[in-house]
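With these hints in hand, go ahead and build the complete structure from the sequences.
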Amino acid sequence: MRVVIAEDNALLREGLVLLLTSAGHEVAAVAGTGPEVLPALLKHRPDAAVLDVRMPPGFRDEGLRAALDARKEIPGLPVLVLSQYVEQSYAAELLGGGASGVGYLLKDRVGRVDEFLEALERVAAGGTALDPEVVTELLTRRGNTPLDLLTPREREVLGLMAEGHDNATIAKSLFVSERVVSKHIGNVFLKLDLPQSDSGHRRVLAVLAYLNGT
Amino acid sequence: MRQAAKATRQLAGAAALAFGTYLFISLLLLTVAGTVVIVGIGMVPMTTLLVRQFAGTKRRNVAEWTGHKIPEMYLPIDGPLRHSLRAVVRDPSTYADLRWMLAYYGYGALGYLSVPLWLVGLPVDGVRCGLLGRKALVLPQIGHLADLDARWSEALLRPSRKALLVERVEELTQTRAGAIAAHAAELRRIERDLHDGTQARLVALSMRIGLAKRMYDSDPKAARTLLDDAQDQAEHALTELRHVVRGIHPPILTDRGLAGAVRALAAGSVLAVSVDTDSVDTGPRAPAAVESAAYFVVAEALTNAMKHSGAGRAEVVLTCTERGLRLVVRDEGRGGAEIPRVGPGTEPGGSGLLGMHRRVAALDGTLTVTSPAGGPTIIEAELPCVW
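Just so you know, the sequences run in chain order V and R.
Heads up, the first sequence stops at 213 in numbering that gives the first Met the number 0, and the numbers go up one at a time, no gaps.
Heads up, the second sequence stops at 386 in numbering that gives the first Met the number 0, and the numbers go up one at a time, no gaps.
Source of the hints: derived by calculation from the structure; they are not laboratory data.
Everything numeric in this text was worked out from a predicted model, so none of it was measured.
Where a beta carbon is used, it is the ideal one built from N, C-alpha and C, also for glycine.
There's no promise every hint is true.
What the hints assert, rightly or not - Every beta carbon over 10 Å from chain R, so not counted as near; a handful from chain V, in silico:
1. Asp147
2. Lys190
3. Ala205
Said to hold, decoys possible - What the simulated footprint calls covered on chain R by chain V, stretch by stretch (three residues with Cβ under 8 Å from a Cβ of chain V suffice, anywhere in the stretch; the number is not a length):
4. 131 to 138
5. 205 to 213
Said to hold, decoys possible - Among the chain V residues that face chain R by a calculated CB cut under 7 Å, a handful are:
6. Asn8
7. Ala9
8. Leu10
9. Leu11
10. Gln83
11. Lys106
12. Gly110
13. Val112
14. Leu116
See below:
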């Protein structure tokens with residue numbers, strides 16, 4: 000796929016290019032400052048954009064702003080935002096415009112090359128990739144909710160769903176069969192009183208909406 | 000005779016000023032009347048500034064006669080009307096000046112007395128000195144008049160204890176705000192250094208290890224290169240971490256004390272730096288904050304000298320004084336360095352000199368930069384502390 004990268008740190012920029020090209024992706028353009036991002040995205044219309052939150056000139060949240068603006072200009076443009084630290088409100092802002100084709104990961108995750116590439120592909124395909132730390136915060140934020148009714152295993156499954164994984168991946172990472180995963184998911188939806196839905200993208204949305212809403 | 004002439008000049012100045020005061024007090028009354036009907040309230044800061052001009056002229060006039068200066072202590076009057084009105088009302092000097100002005104309305108007339116004294120004194124003292132060989136009697140009175148005028152004026156125009164305190168509070172408020180801003184800027188700098196430097200390096204390092212793992216089976220040679228790269232990154236990350244730590248609190252200060260740390264700085268500089276720390280070597284150690292600030296100033300000054308002055312050598316002198324620590328950094332470069340003006344819009348941190356100034360002011364110290372075009376540049380810091 001064709002990817003546009005926005006990252007001001009030369010070291011990381013070069014690393015990302017190396018990583019993406021080695022996985023057979025094409026880097027269409029690289030932006031080094033906030034104001035360059037949107038024009039690059041409009042010009043190249045990539046299959047996905049990988050953006051750093053903090054960019055020059057202000058070193059605040061220029062990358063995030065650019066991602067939100069770009070999704071206004073090009074609805075559904077898949078963006079994967081990389082952050083130096085997890086900020087719940089950044090995740091909420093990104094997901095606010097619809098969670099389809101949105102990713103928000105800690106920069107550290109890039110080191111797990113396979114998982115990072117898998118997340119990028121998921122986002123490019125219209126899915127969601129949410130950093131485990133964001134999900135953990137979402138799950139532990141408040142007490143005394145239906146979440147307390149979940150068994151530890153069901154919480155794990157819910158967390159992985161919120162991160163954006165499908166049944167097969169969840170099964171693999173928990174070392175159980177897909178059938179067991181389906182059962183857990185059924186229980187989760189029952190306990191949280193969510194409408195049952197297929198393993199597709201709508202399910203992630205329902206879970207995130209629930210976690211953000213309660 | 001000459002003495003009397005000088006006193007007359009002095010009194011003439013005083014008389015002129017007194018005349019101005021008469022005019023001005025009328026204007027003042029007008030302002031007061033205007034203020035009562037609100038319309039003139041905008042004139043208050045202007046009028047106060049004019050009063051200060053008058054008082055300032057009188058202070059200089061008196062200083063010329065007595066030979067010693069009367070210090071001026073005013074709160075600045077600027078900014079929007081509300082702000083400047085507040086300064087006018089809060090400044091005790093406003094009332095002191097007005098008191099003086101009203102008093103001067105009366106004793107300003109002393110100046111005019113010199114005219115009859117001359118008229119009487121010339122013939123009388125002419126006869127006394129010229130014919131009788133006695134000492135002059137009348138003309139010296141003119142000098143006494145000028146003395147009296149100066150004494151009264153000084154008593155009225157000297158800043159009161161209260162004014163001194165207000166000034167001190169103002170100064171402390173400003174330095175405290177400066178200290179907080181400097182502290183915040185420091186934290187931001189450290190955060191940025193850690194995020195953009197060390198953390199980025201570690202991510203890049205982790206990325207290379209990840210890629211190497213991916214290629215391990217298919218292309219062991221490429222994987223090996225990536226691992227070599229990764230090791231380089233790890234070493235760079237460690238170096239950067241050391242820099243960041245040194246910026247927070249130089250470990251060498253803990254290990255070697257200020258004198259040792261400054262000698263290490265000098266040794267590490269590309270300039271040929273001579274260091275004189277004799278009086279610091281033997282004395283007790285200054286408080287950690289003072290040592291830290293002194294080290295920072297020397298480090299910044301040497302960096303500036305290296306970057307901007309074009310000089311090949313520099314000189315650092317550290318001295319323990321009764322009141323604290325004094326340090327001087329001097330280079331024979333091209334000069335022209337100055338501390339940028341600090342305003343509300345100034346980005347915290349600012350240039351090296353501004354940073355130095357803030358860091359020193361935060362400890363109630365003073366920083367003086369003498370840097371005429373063509374050099375030399377002398378940076379001098381006084382950091383008060385109790386030994």
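Going down the list of hints, with the structure as the test:
{"no.": "1", "hint": "Asp147", "verdict": "holds (35 Å)"}
{"no.": "2", "hint": "Lys190", "verdict": "holds (37 Å)"}
{"no.": "3", "hint": "Ala205", "verdict": "holds (33 Å)"}
{"no.": "4", "hint": "131 to 138", "verdict": "violated (count 0)"}
{"no.": "5", "hint": "205 to 213", "verdict": "holds (count 8)"}
{"no.": "6", "hint": "Asn8", "verdict": "holds (5 Å)"}
{"no.": "7", "hint": "Ala9", "verdict": "violated (9 Å)"}
{"no.": "8", "hint": "Leu10", "verdict": "holds (5 Å)"}
{"no.": "9", "hint": "Leu11", "verdict": "holds (5 Å)"}
{"no.": "10", "hint": "Gln83", "verdict": "holds (5 Å)"}
{"no.": "11", "hint": "Lys106", "verdict": "holds (5 Å)"}
{"no.": "12", "hint": "Gly110", "verdict": "holds (3 Å)"}
{"no.": "13", "hint": "Val112", "verdict": "holds (4 Å)"}
{"no.": "14", "hint": "Leu116", "verdict": "violated (9 Å)"}
Hints 4, 7 and 14 from the list above are not met by this structure, while the remaining hints are.
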